[in-house]
Structures are given as C-alpha cells and as structure tokens.
Amino acid sequence: MSKAELQELGRLIRQLKQLAEQAHQASHAVPAAERNLYMVLRHLEMLEIEICDPLSVLAGEGGEDSGRDAPCTHRESNNAANAE
Amino acid sequence: MWNPILEKLGPSELKKVQLLKLKRILAWAYGRSPFYRKKFDQAGVSVDDIRSLDDLPKIPLTDKDAWLAAQGDCGQGFGTTTAISERETVRYHQTSGTTGKPIRLAFNHRDWNWWLQCWGYGLAALELSREDRALVCFPFNLFVGWWGGQDAARLMRCCVYSGGGMPTEQRLQVILEHRISVLMGAPSYLLRLAASAQKNGIRTSDLTVRKLVCGAEPGGSIPAMRARLEQAWGAEVFDHLGASEVGPWGYECSAHPGGVHICESFFLMEFVHPETFEPTRPGELSRLVVTSLEKYSQPVIRWDLKDLVRVSDQPCPCGRSFRWVQGGILGRADDLIKIRGVLFSPRGVEDVVRSFGPVSDYRVVLSRRGEMDELTLRAETALCGTEGEPLKNDLKAALKVKTHLRFGIELCPPGTFPRQEIKTRRLIDLREKENADEQG
Ligand SMILES: [Zn+2]
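Each protein sequence line maps, in turn, to chains A and B.
Residue 34 in the working numbering sits at position 49 of the first sequence, and the numbers go up by one each step.
Residue 321 in the working numbering sits at position 318 of the second sequence, and the numbers go up by one each step.
Same shape as in the complex, but just chain B (with noise of 0.2 Å):
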C-alpha cells in the first residue's frame, strides 16, 4: 500500500480527517478563490456552518458550465477560478474541449506534488517497484493525463520511459529492447498496440509486459475490453480513473475486487439519484459528486461530474478501507433515458454486446407500443435461423442482468449497418417521431 496509514483507517476516523481536510479547503477557497466567495455569498452559506460532512449539501454544486462562465474568454487566463497568483502557476494543462471550451487548469509546485500522491496510491496498488521499467503510451500535450502517472512512477523509483512522439512501431521496439514490465496508456490504444506487434510478426507472449495501467478513457473497467486486453498482452489490467478538472481519484488494486477504490482521503465523494441529486443506498445506480480535499490551486467543491457509478459496501479482500466502484464508471448523467420507470444508460448495453464474439455491430431502437416503452436489440451476426437461437437468449440474459431492463433481440445480416467514422450512434429513439406520428 502507498500509504497503510490512511488506507486501512476505520470508517469514523476515515471520517475525521476528511472533515478536517474540508475545514481547510473551505476557509482557503472563501478566502483566496472569488468563484466560491461569490457562490457561497449567494447562497448564504458560511464556512463555519459546515460542521460535519452531512453539512456538505448547504454548499450550492459546481459544474462546469458555471466553471467555463467564470473562466471567461481567451485572454482572460483562469478568469475567478484560481485561488493562487498566476505568478506562482507552475504547470499548465487543458482538457480536450471535445465538448466545447477547454477548462484550463493550474498547479503550483504543491498542487503537482500532491497530483502524484494520487497517483502514488495507484501505482502501489498495482505494486509497481523498482524491478519494473515502464513504457507510457501517451503524445504527452496539454492534456493532464499520463503526465502525473509518469511522474508519479518516478516517485516509485521504476524505470520511465516517456513513449511520447514515437510511432507504434517504435514504442513496440522499446518493448522488445528495453524488456519493459508495465505499459500505461489508454486502453483502445494498448489493443491497437498488440494488433500492431502481431501484423510485425511479433508474438506478445515473447514479450515482458506484465500489466497494464489503462485510464484517459472508459474501457479499463468494461469486462469485454479487459478481456480483450487480458488475451491481446498475457497481462494484468489496472483500470484508473479521474477527470482533469478534479484530479486521480480512482485506483484498482491487484485484488481486483470487480471496481475501483476511492482515494478516500483525497477525495470525499457524494453519492447521489441521478435525476433527483438525494443520497443514494450503496449498489444504487449514483451521480458523482466531488470535493478534491487538497486541491488549492484551483478548488474544487462539490464538483458535479455527471458520472454514474454504484459504490459497493463490501469490504476489498486487499485489506484498504477505501471503498470501491462496482464496474468504475458506467455511464454519463448526461446520455440517462428512462424506461419504464428504470434509468437506462446506453454504455450498460455496450458492455454487454461487446462480450459476445459473434456479434459485429448493433443498434438499440427505443420505440412504444400504446404506454410501454420498448426496448430491442439489432445485433450484427453471421448466425441466422435456429442457429442464432441460443445468442438471442444468452444477449437477452445478459442484457436483463446489467440493465435490469427486458429487451427484445433482432438478428439482422452482416453490413445491415454502415460503417462510420466519426461516432456512431447506436440508440434509436423512435418515440418522439411516434407521438408526433399519433398527433398528426
């Protein structure tokens, strides 16, 4: 363990020392950050007025819309959002802005210290050590990234090899050559990384590589891509996860308990209804809700993230306290529908499908008969007739086990679909254009 003192601390002492930490970060963020000044003026909250953790709800959320606003234009560097001098920024990262304007994040030298104690309880977790040499798969840019996991596996004394700017060929002759143990990057790209070793002619099993570290993107956590991974390298797989704009929060450790810990004394973490923001039971499908405790370059509190994830209360057969997240992230608030009364996430279905060999592609048609919401599954197969029989009740199965929710399944030829570069949209919702159809 990184650190056997805070990770197998009981629940209430746990408990103490996030109070304590959130005092702190609290008074600093009122005291240095006009974002949270203005916010908690607003809604007429004090810092004295939170005094246990169950207080927390007082303070209004944050998302990163609000944050975006206060950030302002180009020009404008952080806009209100820092609680430091920008003298004092030592370190400049973005997020991708894939889905609009990057947020641009600062770090003093404390700040980037404490990033890689986050990370320092993941590496442990996966029990790097100084025996291993480790190749990190990333073009090292803005993006926050591998740029702490490969600073933080310095902390950890293991050999780092900064696989930025090298074609696929290159890094796997780094491999080879340099007998590297652990691989870091994200997980699509470690799959399209084997693929690339075997069209050289070179069998992966010949090689060193023991684990993989996978983060930046989900798939880590999903059982198809682990899987597939697990096969493609001879390897163990770390999921990790994190958001830029929060920090590493999330490790898996070598019990492999089916999920991800919380880096519980970093990190204190509200579990909530995805549509109605009221404290979930553990096992509960829940948002995300953050406070990164030592984060004071640019607080973070009560950061919406609009993940899903369902926090079990069983204990890890590791022997850290620090809860964990069945199955990691598994959806997006934002892509939720309900169906008959269940909140469905589209990524649940992507997992399943994924974990049948025969299946190609698929599509899921959302459509209504009378009051009832259907749910049917298109899959791509070359099986057909009788003999796609025991796919239909294997993918039915399955499908009733994630999503708690009956479909129906459609075999359909290979090519029914086109294939498509850009992101494919794989639900179909037909239920407004049959209302609109019901009306006119």
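With the rest of the complex left out, here is chain A (with noise of 0.2 Å):
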C-alpha cells in the first residue's frame, strides 16, 4: 500500500466517525440503531487507535493531531463522570 493510500485510509476513517457520531446521536429513541451504532462507533475507535495513530506519527504530525478524541469521552461515560 503507498503512502498516499494509507493516508486516504485514514481520512475515509475519521470521516466514518464523525458520520456514525451523527448518526448515533440522532438514533436514541431506537434501541436497535443507538445499541448497534454505539457498538460500531467502538470498533471505529479500534481503528483509530490501529490505523489514525501510527498514521499521524508517520506524516510527522507527531500524534498530536491525530484527528480523534481522548478515548472514552463517549457519552455513557461523560454522563457518568457528570452525575458523580
């Protein structure tokens, strides 16, 4: 794979979490849409930790900017973090 396809790999990544993102938020009156979507925004996660991390570091961004959230700041645990 070239360096520039491994970087499309990575932008089409993070554009698929900020889609599902939008879509997981629109879903909550649905069990059957908000329980999958948040299942798969899990394994978008799984992606950016295996392809969007090394990927920032190789383009010399340092990992700074990797184009993700600190983990786990998903909902549920925001929410809990707030109520406690």
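Derived by calculation from the structure, the hints in this document are not laboratory data.
Computed from a prediction, not measured in an experiment: that's the story for all the values here.
Errors might be hidden in some of the hints.
In silico lysine-lysine, BS3-like type, Cα no more than 30 Å apart, as pairs [to be verified]:
1. B:Lys18 / A:Lys2
2. A:Lys(-12) / B:Lys11
3. B:Lys214 / B:Lys405
4. B:Lys11 / B:Lys309
With the hints as a guide, bring the two chains together.
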C-alpha cells in the first residue's frame, strides 16, 4: 500500500467516525439503532488506534493531532462522570 | 501480520506512537482514577512532567498488593481501581486468587474490543485463517484466559468451537468429527488431551490438528515441553503471553525466533534489574514493568509484573520490528535466589531437567561450604555407575549454559523422592540450617 493510499484510508476512517457519531446522536429513540451504532463507534475507536494514530506519526504530526477525541469520552462515560 | 503499519514501524516512530498513547493514558488515569491521582500526587508528579518515555520512572511502580488494597474488601466492587463508572462495565473477570484475594477486572465495550486487538496480533502471527477450525479447551469461567482468544479468532473469521463444559473424550470427538485444525489451551492440558487420544486408540497423526496455541501457564516456551507437544500432536507450537491485570502482551510468530514478540504498540515495557530496578541491557535477566497503553477501564501504569525475561536486540526473520523476549517468561522475581553473585531462578533447572528423558524427578540442594554456596542436582534415574556418567556430564553442561552456574550432579535410583499430589518443592535450601548449626 502506498503512503497516499494509507493516508486516504485514515481520512475515510475519520470521516466514518464523524458520520457514525452524528447517526448515534440521532438514534436515541430507537434502541436497535442506538445500541448497534454504539458498537460501531467502539469498533471505529479501534481503527483510530490501529490506523489513524500511527499514520499521524508517520505524517510527521507527532501524533498530537490524530483527528481523534480522547478515548472513552463517549456519552456514557461523560454522563457518568458528570453525575458523580 | 495483523497490522503491518505498526508492526513494521522503525524504533523512533514506534516511540512516538508510544509517547502519544502514554500521554493520553496518563491524563486519563489522573483525571478518572482515584488510585492513580493519589499515587501521582503523593509522588509530586504531574502528567506534564512526562515529556518523553525516559521520564516514565518518575511515576512510582504499582504492584498487586497496592492494587488489592485499593480494590478493598468484598462488597466494595472495584474500589478506587477503575476509571469508568460501574454502569459502563460490560464484562467482569477476576484472577484465580490462588495466592490471595482475586483481582477484580472491569471492562467496558471499548476495552474488550482492545483486548481482542491484542489477540489479533497473536492469531495473525500464527497465520490463523478462515480455513481454520479452532477448538478452545477452556472451562469459560471468570478467569479471562481464553475468552479473548475465542472472540478474536471469530474476528479473524475462523470457525470457533467453544470447548467449555465437556470432558476430554468429548473434545476428542469434536476434533475428529469436525476436522479441528487449531487447539487453544494450557500446554499441560494439551499434553493430557494427546495422551487421552492415545488411550482411546486415536492416533494424533490421523487427526487434522496442525497448530497449538499455548497460554494461561508457562510451558509453551519451555523447550522440553514444546518438544513433547510437537511430538504428541505433530503440530506447530505457539506460545502466547499475558497477565489478566495488564492484558495479552506477547505472541509468537511463525518464524519462531526462540521467543515471543511484545505487542509494543499497546504495551510499553521497561526492563529493569530484578533487585535494583535499574534499567538493564538487552540479553540481561530483567524484571518486567508494564504500562498498558490502551487500557482505559482500569489503567495499568508501571505495573511490576515480577516476571523475569531477557529481551533480545536481534531482529526477527518475520520482519516485525516489535522486540521479542528470549524463551518467554524465565521465572518469577519472587523466586530468585542469589548464588555466588549470580541471580538464579529454579525455573531454569526445570527447563533443563525436563529435556532429559532418563530423569524422572529431581531436587536441587543448595548448601554452603565455608563461604561458598554450592548447588547440587540430585537426579532420579534408572542409569547408575559408569552407565550414568555421560548423563551426569550432559546435565552439568546444560545447567551451566542455562543458569551460568556450576552444579554438582548426583544420580539416585527411581523412587528416591516421594510423589506428592500437591505442588512439590524441588529446591532444598540447607544454607540457613547450616548457618544455625555453626552458630549453635
Ligand atoms: Zn517474528
């Protein structure tokens, strides 16, 4: 795989994550959508750590801006933290 | 390879990835885990003090005892050890607790997915494919053991058979009927399974098993045990290393360099002197200190595993840049004894003696002559007199290579040592007794 192809893969994963987040936010009235999108997001997090992180380092960004949020800062964890 | 982007990174780039992950997990742990917040505050260390991987030792070590104290008593759940709310926990596991209270393990969905990624590296390294049928020989209880291996094998699109809750004969039936190609299990059990096949008139050479994934106990990296497994099954052996508290951190590749790769994108390893905790050089016997870079439910930062390893600085022919530890886990720091200035692990003797067929059992006697510590191996064997001389010489030479120590060898007739059902103590230390006799 060429460097350009890898960077394109990373870009698509980030785009997918944004879309999945939007879909997840819109899904709360439908458990079948919300629960499955939640799992999709957890898988996308794995793609971020496996693909986007090293690509950002290879691109010379030092990984500081790999286009991802801090891990686990998804809805449940934030709500739980806020409630406590 | 599971992820050639990471597994082929050069050392400096890998360090950058590790530092990126380290900063994230430290900030997370400080913000969310009362256990680590207290630890950092007490040591006067802030997350911003860790600017490079070399700064890591500024953070104090964590070990099982401190963790258990923070976990609290029964009924207190995870105590201060988690960084997520209990509502977010979707998997509960625990350690066996054979040496005390069990450690309670919490996983959210994300961390379980990560756990499977760790396994993904290992299963890809043994070239598991969708053509494979894997039988997992595991009771599927609260021990995390093979749960991850099973789910990750599905991720690899291999067909997985959960071999929990079935007797050995039934497992053999599954292997036969379903043409199982991969077995996952504890090495001692896989040997027992082969013996049972033989007892039931099944020739393992007629079976389709071609790979064994060993884990959950030492053995997969012990040369004598590997040889017995390979011979018993006619299959390739792959060791898999991990600890319930930190994650599945090591896997063997099909180039079999004589050790196990560290999954360095997920685990930051420090190799330190077993007693002084000073950093060691490659090839030196080292205590393993682990930071799990992607474990967010219960962060693991500078965990003193007390396992002993020797990290290699040699490249592996498989092309992975992740480093590998020679011979897997070489022993426990708890069991180390200093003899004539050399650190000695009884596991090394076990490895050597088990590779000598004519030796049925043994004891290691540690005594003192004047100021000198002396080591004697008493080996139980049917060979005696001049017939036993070559065995004595070979044992002496093999022990010297493995332990860097000189052993006296005594051969004893079969039946000398009592057979015990429970764990047998094979090391007899007479030094304290001799000291007391001298003083008394
Ligand atoms: Zn390799």
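Evaluation of the provided hints:
The suggested pairing of B:Lys18 with A:Lys2 holds, with an alpha-carbon distance near 26 Å, which does not exceed 30 Å. Under the criterion of a C-alpha separation no larger than 30 Å, the hint pairing A:Lys(-12) with B:Lys11 is consistent with the structure, at around 14 Å. Between B:Lys214 and B:Lys405, the direct Cα distance comes to roughly 28 Å. Compliance with the 30 Å bound is thereby established for this hinted pair. For the hint linking B:Lys11 to B:Lys309, the alpha-carbon distance of about 29 Å falls within 30 Å, and the restraint holds.
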